[in-house]
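Q: Take a look at the letters that make up each chain.
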Amino acid sequence: MESHILANLLVLALLFVGAPLAFLLLRRNRMWSEALGELWRRRRFSLLVIALYVAVALLDSFSWVGGAGAGEDSLSAHEARSVIDRAFADTPRESSYSAPLARGSFYGDEPLRAPGGHWFGTDILGRDVLHRTLKGVRVALLIGGFTSAITIPLALLLGVTAGYFGRRLDDIVFFVMSTLASIPSLLLLIALVIVLGRGTWQVCVALGITSWVGLCRVARGETLKLRELDYVQAALALGTSHLRILFRHILPNLMHLVIVTFVLLFSSLVLSETILAYLGIGVDGSWGQMIDQARNELSRDPIIWWNITAAGAAMFGLLLAVNYVGDALRDILDPRTLRERA
Amino acid sequence: MLAYVARRLGYGVLVVLGVLLLLFVLFFAVAKPEDIARRALGEKARQEAIDIWIASHGYDRPLWPWQQPADNQLFDHYARMLTFDFGRSDTDDTPIARRLAEGVGPTLSLTVPLFLVGLVIALLFGLFVAFFRDTYIDATGVFLCVLGMSVSLLLYIIGGQFLIGKLLRWFPISGFDPAPVVVARFLALPVLVGLLGVVGGDVRFYRTVFVEETGRDYVRTARAKGAGEMRVMLRHVLRNSLIPVMTRVVLAIPFLFVGSLLLESFFGIPGLGTLTVDAIRNNDFATLRVMVFIGALAFIGGQIATDISYAFVDPRVRLE
Amino acid sequence: MSAALLEVEGLRTWFPVRQGLRRRVVGHIRAVDGVDLTVRVGQTVALVGESGCGKTTVGRSILRLEQPQAGSVRFDGVDLLAQPSRELRQFRQRMQIVFQDPMASLNPRMRVRDLVAEGMRSFGIGGGPRRRTERVVELLQRVQLDADHLWRYPHELSGGQRQRIGIARALAVEPELVICDEAVSALDVSIQAQILNLLGELQRELNLAYLFITHDLSVVRYLADEVAVMYLGQIVERGPTRRIFEAPAHPYTQGLLAAAPSVDPQRRHCALGVLGDVPSPAAPPPGCRFHTRCPKTFDRCRREKPPLYDCASGGQSRCFLEDPSQPPRPAVSPREG
Amino acid sequence: MSERARNIRARALARTLLPALLLAAACSNDPYPPGDAAHKIYYTVFREAHRTLDPAEAYNVSAHKVTGSVYDSLLEYHYLKRPYELGPGLARAVPEPQRLEDGRVRYRFEMRSGIGFGPDPCFELGGAGRRSREATSADVAFQLMRLADPALKVQVTDAFSAVQGFREFRERLILRRELDPAFAELPAHKQYAALGGMEGVRTPSRYELEITLARPYPQILYWFAMEFTTPVAWEAVQFYNGNEGRDRFADHPVGTGPFYVREYNKHLRLVLERNPHWYGLRHPDALGARYPERGAPGDAEGDLLGAAYRGRALPFLDRIEIRLEKESIPRFNKFLQGYYDASSIIKESFDQVIQADRLSPQMRQRGIRLARSVAPSVFYLGINMEDPVLGAPAGERGRKLRQALSLAVSSEPWIELFLNGRGVPAQTPLPPVIFGYNPDYRNPYRQQQDAKRSRARELLIEAGYPGGIDPDTGSPLRLSFDTYTLNSQQLLERQYFVDEWRKIGVDVRLQATTYNEFQAKVERLAYQIFFWGWSADYPDPENFLFLLTCDMRRSTAGGPNTSNFCDQRYEKLFAEMALRGNDAERQRLIGEMVKILEEERPWIELYHVVDYQLSHGWLHNVKPFGMSHPMYKYYDIEPERRAALRLSWNEPLTWPAYALAGLVLAALVPGVRTFLRERQ
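Chains as they are written, first to last, in my numbering: chain A, 1 to 342; chain B, 1 to 320; chain C, 1 to 337; chain D, 1 to 680.
Next up, chain A with everything else stripped away, as it sits in the complex:
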């Protein structure tokens, strides 16, 4: 099956099954809906910014073949293009650099094909920088999303079972954790990408392998604590099965830690990718790659600033919002404050 159809299905599933489900679950659970309400009160702007990024990423993930090709590019009619790509069908490529909203090319001042049409200018190959920046949103969220899709289940599975059942299993998990944690993560990450090969999946898997330990440690430590708590003992006395205890009593009570850890992890993932991009093993189309491609343009004379600025600002905007939300979440979900608010 064509990969874009798979991606579409995923987007649709996310939009029409995942999102309502999550919404309902949150609505049903007053604890979470209250936390979200509090978050919304405190960080309205940051949440809106993140929502905007997510929307762009979703629009860029939904693509189909057909429709009018983009100008003279006859191939594009045969390719799956996303909603974002189609939105830029009317801003044709230029021959090379042009400044934001310029009417002529940057060198030579020849008239552009879309005078004033490139809000963020064009890059050396004449591609619209806004278009590329927006496409970077999806890559960034993909890096964060896929990595956490690998990291969180793995970390939870190992951390919670190790903490709950203890003994041998705990010894093994703890040993693996200390082994992985003792390797400087950036070096391990690079080694993994080099060995696994280059590509989005490989980078995500490598990021996942290097980042699950932190979360796993948190999950294990918290489970160790929770396991001894009276309500778990009470559940045991009530004949509740281990599986149900794990899912009803342990997991929900460390979810807040997972969420906070994840949110703070997200920014470090995106930042790590820029280093990978600099080393030539990053993800295609990422902001890291844009920055790396553009890093020498600041030295051009006259200076070409819009490429690096666009990518840097887009990344900065996302990470600032994410960090702010993460900060607020940490306060809101802290059980101590929970009790205080009660």
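Please keep in mind that the hints were generated in silico from the structure rather than gathered at the bench.
For each residue, glycine too, the CB sits at the ideal point set by N, CA and C.
Don't take each hint at face value.
Said to hold, decoys possible - Label-pair ranges, simulated between beta-carbon atoms:
(1) Leu653(D) / Asp90(A): 22 to 28 Å
(2) Ala89(A) / Leu116(B): 51 to 57 Å
(3) Thr83(B) / Leu195(D): 34 to 40 Å
(4) Ala252(B) / Tyr658(D): 44 to 50 Å
(5) Thr674(D) / Gly159(B): 18 to 24 Å
(6) Pro111(A) / Leu653(D): 35 to 41 Å
(7) Val54(A) / Leu116(B): 39 to 45 Å
(8) Ala643(D) / Pro178(B): 18 to 24 Å
(9) Gly159(B) / Asp90(A): 30 to 36 Å
(10) Lys225(A) / Asp134(B): 28 to 34 Å
(11) Leu287(D) / Pro178(B): 36 to 42 Å
(12) Leu224(A) / Val17(C): 17 to 23 Å
(13) Thr674(D) / Val17(C): 43 to 49 Å
Unchecked claim - Below, a list of computed lysine-lysine pairs in the BS3-like style, where the Cα atoms sit at most 30 Å apart:
(14) Lys32(B) / Lys521(D)
(15) Lys135(A) / Lys503(D)
(16) Lys623(D) / Lys347(D)
(17) Lys595(D) / Lys623(D)
(18) Lys135(A) / Lys347(D)
Let chain A serve as the given structure and place chains B, C and D on it in line with the hints.
A: Frame of chain A; chains B, C and D shown alone:
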């Protein structure tokens, strides 16, 4: 106590063995020696030369002990790493130990000032922000920290070189020279840029620690006794926050030896970070393996030191 | 007298102490060291002792939340300790536990309805979810809570309300025996009384048996039919409540009673009139375990371990003073009271 | 306040101020130790640590900067004359070929006496206290045998395989080493001697060297103008074996050149100093020992034939410092600041430096000079001729497809975008400075007008892919462009071609892999289009056209013909062309070969590099050479002028620091004041 130290060390050794196994799987079982050989020999190398190279580096032997118990790469890997016989670089056959010895000076000359200055600034700024908590200074401080953390170091480096190196001409844009006065010139810019990348997270951490500490009873008591605000912050809060601060500091020390990949390679400092970046760029697995190993060793050592020193210092830490 | 519901014999729960490089077991904390107990249908037995004496471990061992090393716990004639954990489930329905800290024993992420219904669900009581909710409402009413508490979270309730939820949760599975592990210790005195009254009412209505674990003798005076006093993992005295309160036989019980009005654990030590701390359960003193702190110690206490002697006034006491063969000694004048 | 307390205060103050003072003293961008400014030191760069500086192995521009200065060769190019002219170096004259009756060819070199190796402790091996010795023909012979040694990573063995007995010597060496471990332990020169040397290399006397070729190969003389055939001291090879803390020979050059290596930190810098034993000091009249009297037309008008230099004894410089500088922008900025003496132009600053095709006024005002030259090199997109879709197996369809691809991409805009126009669009493999280049020839498949794009579309239809659609699958024809760089900036350069091909409807995918993976693909023949370049070893058309011969095929012979092009007509013409001197017939033969390439399109020729060399006014006698060969012995520097200019150009701008500090203070003061008031 002795038993505890011994056990902690024993576990450290076990982790070292685990790290080595992981490295072996990564660099020997997954990577193909032919790739490394071709990279080392250049584009015009013939198969014959590649075979010679692989044989001379011992990459043609069986990997695992069950394939050949006497002479296999796994045992060789363990034996070499544990005796610190690091062998030669895959790219140019220089002894890796020598490159490490050459690189550690420049690396420390960057990381130590960066670490010390960063620590002082982060502590002072953290105290400062905690002192003015809930004022606009605090809010601005936290915002600046988050700001600092949200920007890629890559951007700081590019911007720093452009602004300070090129426009303001304060310091050389890049390079290194061990001569005493000149080295300060070379290090000033990378240290400045590195601070931007490091300080944000540290300040936020320290601020949290300090704010938590100022909420405690003894601080209130001290205030009630009429101690000045400055005195409270410096004498009481700072002193009592030492444990979390020390933890973070001690955990950062091992990384001094690994160096900063980006800073060193952009500023042309011939340290261990550059060594690593070169190894990455050249698929020099022999060197990369050693670098990862050294990093892990430093980290494990640091952790053991922290744990043991806790056991000595903090009566609350149980040894069991 | 009704039939024995729970018979504990020679219960021993030791926790291993590991040390050294190879983590060898070098000793044990003898939390519970040969305890016998009997609880009859519809009866309340109080297990009393200082904190750290192992009384909580007894409760948990009975429910097999801890794994005892030896002895037997017969519930309705079946030895629970010999049961595989699969079989254990049906007995867990018949025995329940109420914990000390109502906040810690209620999952903060669950609503009252789910908390109370959890046991029903796992034992398949009460049919479908809707029926279960109805039953939860009934239970709430039974513990004197309104139905509108149904959808609240524990942190939205007061301490007393929480403990009522804890009781409702225990009752939900229709147990015959409820182990109350310091069930009222964390509550204010006025609320304590309310909960104790509630427990009494429930016992009458549902013909429940209680094993009431507490450090506070005063709490059990009007509730318990029988009292067992524990010291360092062993029962040192037991007997009908009235007898224990009026004529305590064991010096330790006497000390406890003397200290009873005081809530402060530290002051209780002083009031006990005995020196030093509780000895370590890892290395209990030879002879009588209480001899290091007993105001009436004599030679034999240091040499021999006293068995439980039947007391003249009913019950038993682990003290050579009760030994019929022991020549009467000039009694060190006992404390007034 | 007590005396003591005051003391402590003062000390604390000093302690806080000291680093600040130190920083202030350090606040300068001069990267060199003070005192060096007064010397004739030439500063230049290397981009990454040299893997090897062994003259038998080193084969790139950066390494040749060092090896070319440290190792002298028997022959040398004239510094100024163009077309290139070969003259004597360590040899007294350029030898004439002697044809022997069985088809072999013999060259007899006569070396100068008194050629001294640069000072080095390794010569103690030949007698205590010795720091140097005379180089003789045996040292050249030793090096020629090293070229055949399989233990060395020699990349030019093909060129020397014409020497009689070269391959046999190599095989005997392999065999003997395998069979006889004791032999393998011997120092290299003893091993070679034990084998009786190489058949085609003889040293009749201390200063005579006789080379016998099994077949004619007139281009061999060019190889004697390169470091590969320099005299190498056996002492250096034996001593620097990498054991017991000694360097490897590859990291420790010892040669007879005008400079010797005084200090080498692989990851910092390499310092060359005048060689006190250089032959030029004894033979001041030797051609390579003095500055030329005459040059090419135009040289006299420039800076190149100044009266102060003509006929003067070389070298002029005291020292050469080659520093590691990985990134191009800092390197160029340091050049602009006066800390490097010469530089190429980075594309980022091109428009600042060059305006209207000449140096910008700012640059001229600084006294910077520009030298332009076409390098003997070619860059091209190669097509794997063994590919079933694109290559020879596809027959006429493949040929049309290649022609279409060739027509679709244009060199001119690419050169403009990525090289700032510093390239000559290539029509054939031959660059302008090489014999056989025809300035009037226009390749019909490389001419770039928009009209040609429609011709490319027609060719696609003829090839059976109308509109780029493969009729078999009904979807666009998908090809792979296999690149071996992960550098994102180079990927942009590759992306340009992909975008061009898109315009005619061919879906070419950029397959960016590491160098290793690319090599593996080449090994498996799993590649279609690739980007490659060739820089001439010597100025002869043979050195370009051999890249497309059957013998050099990558797939069968592991040679540099990565296109795997093999055409019998081309082969015949090549054999004839290679042996001829530069005459009209040779020109005609080359023309025919070019015609074949024009039709077959194994390459899409892109461009020949035009070097733009900038040098500061204080640096004299710089003429770009083209081939990778450093000419530092001809350079000269005015250190006083340089020191003065550096100072005036690098005054730091300090006001922003004060402004920033003021701003921070201004932001803080009100907050602190209100806060303190509240607390009190």
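Q: Looking at the structure, which of the earlier hints fail to hold?
A: Checked against the structure, the hints that fail are numbers 1, 4, 5, 13 and 17, while the rest are satisfied.
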